[in-house]
Amino acid sequence: MTDQSRIRNFSIIAHIDHGKSTLADRLLEMTGAVSERDMREQLLDTMDLERERGITIKAQTVRLSHVAKDDEEYTLNLIDTPGHVDFSYEVSRSLAACEGALLLIDAVQGVQAQTLANAYLAVDAGLEVILAVNKIDLPAADPEGAAQEIISILGGSADDVVRISAKTGEGVARLIERLVEDVPSPEGDPDAPLRALVFDSYFDAYRGVVCYVRVVDGHLSSGQRLRFMATGEVHDADEIGVLTPDAQPVGTLGPGEVGYLITGVKEIDRIKVGDTISDSHTTASEALARYQEPKPMVFSGMFPTDGDDFENLREALEKLRLNDASLTWEPETSKALGFGFRCGFLGLLHMEIVRERLEREYNLDLVATAPSVAYRVTMPGGDVIELKSPQDLPDSTARESISEPYVRAMILTPTEYVGPIMELVTSRRGEVGNMNYLSPERVELDYELPLGEVVFDFFDHLKSRTKGYASLDYEPADYRESDLVKVDILLNGQAVDAFSSIVHRDKAFDYGKMMTSRLRGLIPRQLFDVPIQAAIGGQIISRETVRAKRKDVIAKCYGGDVSRKKKLLQRQKEGKKRMKMVGSVEVPQEAFVAALRIDDDS
Amino acid sequence: MSLDVDAFADAAGAYVHIPFCSQVCPYCDFAVVAGADDMAGRYVAAVVTEIKSTGSWRPLDAVYFGGGTPSHIDPGLLGRILETLKSVHGLSVDAEVSLEANPEDFDSARASSLRSLGFNRVSFGAQSFDPGVLGSLGRRHGPDQIGASVNAARSAGFENVSLDLIFGTPGETDVSWMDTIRGAIDADPNHVSCYSLTVERGTPLGRAVADGAIAPDPDVQADRYESADAALAAAGFERYEVSNWSKPGFECQYNLTVWAQGEYEAYGNGAHRFRRGARSRNIRRLDAYMETVERGEQPVAGSDPITGWDLELDRMFVGLRMKQGIVLGSGGQTFLESDDGRRLVDAGVVATSGDRLRVTNPLLTDEANRVVLGLGEPNSWK
Numbered sequence: 001m002t003d004q005s006r007i008r009n010f011s012i013i014a015h016i017d018h019g020k021s022t023l024a025d026r027l028l029e030m031t032g033a034v035s036e037r038d039m040r041e042q043l044l045d046t047m048d049l050e051r052e053r054g055i056t057i058k059a060q061t062v063r064l065s066h067v068a069k070d071d072e073e074y075t076l077n078l079i080d081t082p083g084h085v086d087f088s089y090e091v092s093r094s095l096a097a098c099e100g101a102l103l104l105i106d107a108v109q110g111v112q113a114q115t116l117a118n119a120y121l122a123v124d125a126g127l128e129v130i131l132a133v134n135k136i137d138l139p140a141a142d143p144e145g146a147a148q149e150i151i152s153i154l155g156g157s158a159d160d161v162v163r164i165s166a167k168t169g170e171g172v173a174r175l176i177e178r179l180v181e182d183v184p185s186p187e188g189d190p191d192a193p194l195r196a197l198v199f200d201s202y203f204d205a206y207r208g209v210v211c212y213v214r215v216v217d218g219h220l221s222s223g224q225r226l227r228f229m230a231t232g233e234v235h236d237a238d239e240i241g242v243l244t245p246d247a248q249p250v251g252t253l254g255p256g257e258v259g260y261l262i263t264g265v266k267e268i269d270r271i272k273v274g275d276t277i278s279d280s281h282t283t284a285s286e287a288l289a290r291y292q293e294p295k296p297m298v299f300s301g302m303f304p305t306d307g308d309d310f311e312n313l314r315e316a317l318e319k320l321r322l323n324d325a326s327l328t329w330e331p332e333t334s335k336a337l338g339f340g341f342r343c344g345f346l347g348l349l350h351m352e353i354v355r356e357r358l359e360r361e362y363n364l365d366l367v368a369t370a371p372s373v374a375y376r377v378t379m380p381g382g383d384v385i386e387l388k389s390p391q392d393l394p395d396s397t398a399r400e401s402i403s404e405p406y407v408r409a410m411i412l413t414p415t416e417y418v419g420p421i422m423e424l425v426t427s428r429r430g431e432v433g434n435m436n437y438l439s440p441e442r443v444e445l446d447y448e449l450p451l452g453e454v455v456f457d458f459f460d461h462l463k464s465r466t467k468g469y470a471s472l473d474y475e476p477a478d479y480r481e482s483d484l485v486k487v488d489i490l491l492n493g494q495a496v497d498a499f500s501s502i503v504h505r506d507k508a509f510d511y512g513k514m515m516t517s518r519l520r521g522l523i524p525r526q527l528f529d530v531p532i533q534a535a536i537g538g539q540i541i542s543r544e545t546v547r548a549k550r551k552d553v554i555a556k557c558y559g560g561d562v563s564r565k566k567k568l569l570q571r572q573k574e575g576k577k578r579m580k581m582v583g584s585v586e587v588p589q590e591a592f593v594a595a596l597r598i599d600d601d602s
Numbered sequence: 603m604s605l606d607v608d609a610f611a612d613a614a615g616a617y618v619h620i621p622f623c624s625q626v627c628p629y630c631d632f633a634v635v636a637g638a639d640d641m642a643g644r645y646v647a648a649v650v651t652e653i654k655s656t657g658s659w660r661p662l663d664a665v666y667f668g669g670g671t672p673s674h675i676d677p678g679l680l681g682r683i684l685e686t687l688k689s690v691h692g693l694s695v696d697a698e699v700s701l702e703a704n705p706e707d708f709d710s711a712r713a714s715s716l717r718s719l720g721f722n723r724v725s726f727g728a729q730s731f732d733p734g735v736l737g738s739l740g741r742r743h744g745p746d747q748i749g750a751s752v753n754a755a756r757s758a759g760f761e762n763v764s765l766d767l768i769f770g771t772p773g774e775t776d777v778s779w780m781d782t783i784r785g786a787i788d789a790d791p792n793h794v795s796c797y798s799l800t801v802e803r804g805t806p807l808g809r810a811v812a813d814g815a816i817a818p819d820p821d822v823q824a825d826r827y828e829s830a831d832a833a834l835a836a837a838g839f840e841r842y843e844v845s846n847w848s849k850p851g852f853e854c855q856y857n858l859t860v861w862a863q864g865e866y867e868a869y870g871n872g873a874h875r876f877r878r879g880a881r882s883r884n885i886r887r888l889d890a891y892m893e894t895v896e897r898g899e900q901p902v903a904g905s906d907p908i909t910g911w912d913l914e915l916d917r918m919f920v921g922l923r924m925k926q927g928i929v930l931g932s933g934g935q936t937f938l939e940s941d942d943g944r945r946l947v948d949a950g951v952v953a954t955s956g957d958r959l960r961v962t963n964p965l966l967t968d969e970a971n972r973v974v975l976g977l978g979e980p981n982s983w984k
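Just so you know, the protein sequences line up as chains E and W, in that order.
Each residue of the first sequence is one higher than the one before, counting from 1 in the working numbering.
Each residue of the second sequence is one higher than the one before, counting from 603 in the working numbering.
Bound conformation, chain E alone (with noise of 0.2 Å):
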């Protein structure tokens, strides 16, 4: 056990790619936490996809031992935070773990959306923010300019940003003192009832769940039988521990430590991250924070392409909950594709992360529907529906109304790219709100739109107007009723649930025009001639027509080419097996691929 007076407990919070896990390798290093050899990059980033994208998906935490200018020992309780507005639920739950958090930006790119949205979370959840620049080795970078930005919008004196260079190590030692001289120590009661955060989870094959838990108030030892604020459950600490970064159990944990728990609960959504631990027995009167269930924003169909995989696809999704509970599904039946799961995500990046674990993890071939979001349709008896698949739209004689969620979103960008972006906004039903300048090169601007409308490729439109420079980030806001209608897609009269989309009577035309002129290139010709329409309700608003194969026929077939041409349909063959029948009309597997796929120029 640390006395409190020597524990500083803080969260670094920094953009992807902003050097985030090379301050932390550093840190690591100079603490003595790792030795140089052992040291591999980004030994946090444990996930080969955290590694390979560069950003940080679950938190990790580590302790770390550091002699300071005074001679004292202190404990140094490095939570780490992933950097993405999807989960942002998860940094909330990082950032009350702490006292103090530390606000790394790019010396060369400057302030982005997503740090500014999380240093937001950090000041409302009052934490001391140390300010640093990073990357000031590198020959482009704007020490000065990247501070001025920060201070602009966080208050404070350019000379109290620390300059560093996590790659290089310059500055880090400073940026130690730094932590130990202006994060304030935990002030817990040690004589109180038992209360420690659980900020994260994960799954060990052998071991369980794994908490990783804070503790406010009292004492947590081994051996104690815990309850579970939120959820009622109780359980006995089994093993507690530290994290140096290797797992070393130790007796107790006292007010202020950060460490593990581990009770032998198998299933993983029996411990909710966000949850307070309390004793059985003295059980604490308050839970530390309302517990908040992580809500998906985000749903899309998952379908196999071979349907023999769907208890495959089950299996890892149910692997994939163990380490994320925030991942939902519900089974799902599409008669173009078959069964399916509806799964829920917290935004886009979320369901990526998802589908390309899938795919590489667990080695399945998937088919995704496009994104939507969750609707709320209000029935005649005043009756309130939540709408995670177009296809469950009741008619529109069946509904009073139908609203859709709205975000808050922030958008940081050169100032030259302003009118663009407003274009863009506008064109996604957005509504112009505060513009804030960071400094004359730069400005904040504030917008409310549809969250139906940023999930449809709206980022991917910001990067390229804006040649990458803008950053993006967003938090719900409300629910708004809007003119909402479902267009769906008819391949030769019979609607393809799959590509039913709910979408503005505004925009139901252009979409329907899209979705029908992009399925005319990816449908092959067939025996007969195949109308694409969409339509709302039984009105349609836009046809295509793939016409008939009239000719598919090998011209020369003589005694020397018998074989050849014999093989060369076999081929052709295994490649209609990629097929799907959707009534009569085959659709290849790649057609439902690239019809949803969204960033598609539009």
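Treat the hints with care, since some could be wrong.
Said to hold, decoys possible - Some residues of chain E that are not near chain W, with every Cβ distance over 10 Å (derived):
| hint | residue |
| --- | --- |
| 1 | Thr-2 |
| 2 | Leu-154 |
| 3 | Val-172 |
| 4 | Lys-266 |
| 5 | Asp-309 |
| 6 | Ser-389 |
| 7 | Leu-522 |
| 8 | Val-562 |
Claimed, not checked - With a Cα cut of at most 30 Å, we get these calculated DSBU-like pairs of lysine-lysine:
| hint | chain 1 | residue 1 | chain 2 | residue 2 |
| --- | --- | --- | --- | --- |
| 9 | W | Lys-925 | E | Lys-567 |
| 10 | E | Lys-507 | E | Lys-295 |
| 11 | E | Lys-335 | W | Lys-688 |
| 12 | E | Lys-556 | W | Lys-849 |
| 13 | W | Lys-688 | E | Lys-556 |
| 14 | E | Lys-565 | W | Lys-849 |
| 15 | E | Lys-549 | W | Lys-688 |
| 16 | W | Lys-925 | E | Lys-573 |
| 17 | E | Lys-335 | E | Lys-567 |
Unchecked claim - Coverage of chain W stretches by chain E, computed from C-beta distances (three or more under 8 Å per stretch; other residues unrestricted):
| hint | segment |
| --- | --- |
| 18 | 835-841 |
| 19 | 967-975 |
Treat the hints as calculated values from the structure; they're not laboratory data.
For each residue, glycine too, the CB sits at the ideal point set by N, CA and C.
Model the placement of chain W on the given structure of chain E, informed by the hints.
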């Protein structure tokens, strides 16, 4: 029907490959060689050796010299091969002895000597009567030479003359194609083959198209095919296979043997045969072929055994190219009972008449043949 295609299942054929050409056409993907005429003597000696070494079979009903350009080399060399075939296997009475020829090679002297050596059918690579199309196909003859060469053949006593035509070449128009058909009819051949221009990988045409050159349009080719069929029918030519039309009685006997799944031998580099329950092929490279034969070895490069159910599917695969189609048999029954087969019957691509299964829309023959290749062996099949 006067033509009994099924009888050709019992015929014996032989193919002889002559790879030499004056130049290689940009669309051609056969085993051919240009500028190697000085090797013709050595090559023919190798072919003769190959014929002798494979031993005697049975009298041949149809012999076909293809290429390359058989007419490009000394007729005497072709005669040596034909003599060897006669002495090793024998020729049936009225055997068809065909050779392929280019109009520009075929003067009266050559025609007479080929006829006297025993060739009785000549198939000209006419391709087009449109000079622009002939140019883009890399052909060296003009439209006028086609008629002249047919006349030369007639004068020399060839009573069976065929013209090959290619349609759908970019640059060809509906009008120029109809002019070509009319030109062909006016030349008064007994037989016409019309092929849609096919872009093969690895050819100069294939590379040009891959680099963005205009590819033949399948819909345009379908139009041209249909207009050709109508014009040829009006002139008394009846279609008997996907790409072949003839006056009654002038169907190509050698090719009918192939489509009726009759057996045929094959000699020369890259040549394919169907014998003894297998389709096998010779070494394609000219020098490797010759060296192998000269070492006293068989120049066979590979062989696909075709027996049991595969043999039945093979019968359908080749037979469905013929207008008369095939005797239904176990394969035909299985086809009709399959989902895909029924779909094609419903779509009017395939039909039965009496005990036969036929492709009624020849332009969609491969739709049917892909289904054929996927038919599983029924329980009733022994």
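Comparing the hints with the structure gives:
With a minimum CB-CB distance of about 70 Å to chain W, Thr-2 of chain E clears the 10 Å threshold, and the non-interface call stands. Here Leu-154 of chain E stays apart from chain W, with its beta-carbon at least about 55 Å from theirs, past the 10 Å limit. The claim that Val-172 of chain E is not at the interface with chain W holds, since no C-beta of that chain comes within 10 Å of its own (minimum 55 Å). The beta carbon of Lys-266 of chain E sits about 47 Å from the closest Cβ of chain W, which is more than 10 Å, so the claim that it is off the interface holds.
With a least CB separation of 23 Å from chain W, Asp-309 of chain E remains clear of the 10 Å interface cut-off, as annotated. Remark: the non-interface label on Ser-389 of chain E is consistent with the geometry, its nearest Cβ contact in chain W lying 31 Å away (cut-off 10 Å). At the 10 Å boundary, the C-beta of Leu-522 of chain E stays outside the reach of chain W, the nearest C-beta of that chain being 18 Å off. For Val-562 of chain E, the requirement that its beta carbon stay farther than 10 Å from each beta carbon of chain W is not met, with the minimum near 6 Å.
With a C-alpha separation of about 23 Å, the suggested pair Lys-925 of chain W and Lys-567 of chain E falls inside the 30 Å cut-off, and the hint holds. Proximity of Lys-507 of chain E to Lys-295 of chain E is assessed by CA-CA distance (about 28 Å); at most 30 Å being required, the pair is judged to hold. As the CA atoms of Lys-335 of chain E and Lys-688 of chain W are separated by approximately 65 Å, the hinted pair breaks the 30 Å bound. Restraint check for Lys-556 of chain E and Lys-849 of chain W: satisfied, since their Cα atoms lie roughly 20 Å apart, inside the 30 Å limit.
For the hint pairing Lys-688 of chain W with Lys-556 of chain E, the CA-to-CA distance comes to about 28 Å; that is within 30 Å, so the pair holds. Distance hint between Lys-565 of chain E and Lys-849 of chain W is fulfilled; the C-alpha atoms sit about 28 Å from each other, no more than 30 Å. The hinted pair formed by Lys-549 of chain E and Lys-688 of chain W fails the criterion: a straight-line CA distance of about 47 Å is larger than 30 Å. For a cut-off of 30 Å, the pair hint linking Lys-925 of chain W to Lys-573 of chain E stands: about 23 Å separates their Cα positions.
Annotation: proposed proximity of Lys-335 of chain E to Lys-567 of chain E is violated, straight-line Cα distance about 33 Å (limit 30 Å). A count of 0 residues in the segment 835-841 of chain W with a Cβ less than 8 Å from any Cβ of chain E is obtained; the coverage claim is therefore unmet, three being the minimum. Counting residues of the segment 967-975 of chain W whose CB lies closer than 8 Å to any CB of chain E gives 6, so the stated coverage by that chain holds, three being the minimum.
Checked against the numbered hints given earlier, the structure breaks hints 8, 11, 15, 17 and 18 and satisfies all the rest.
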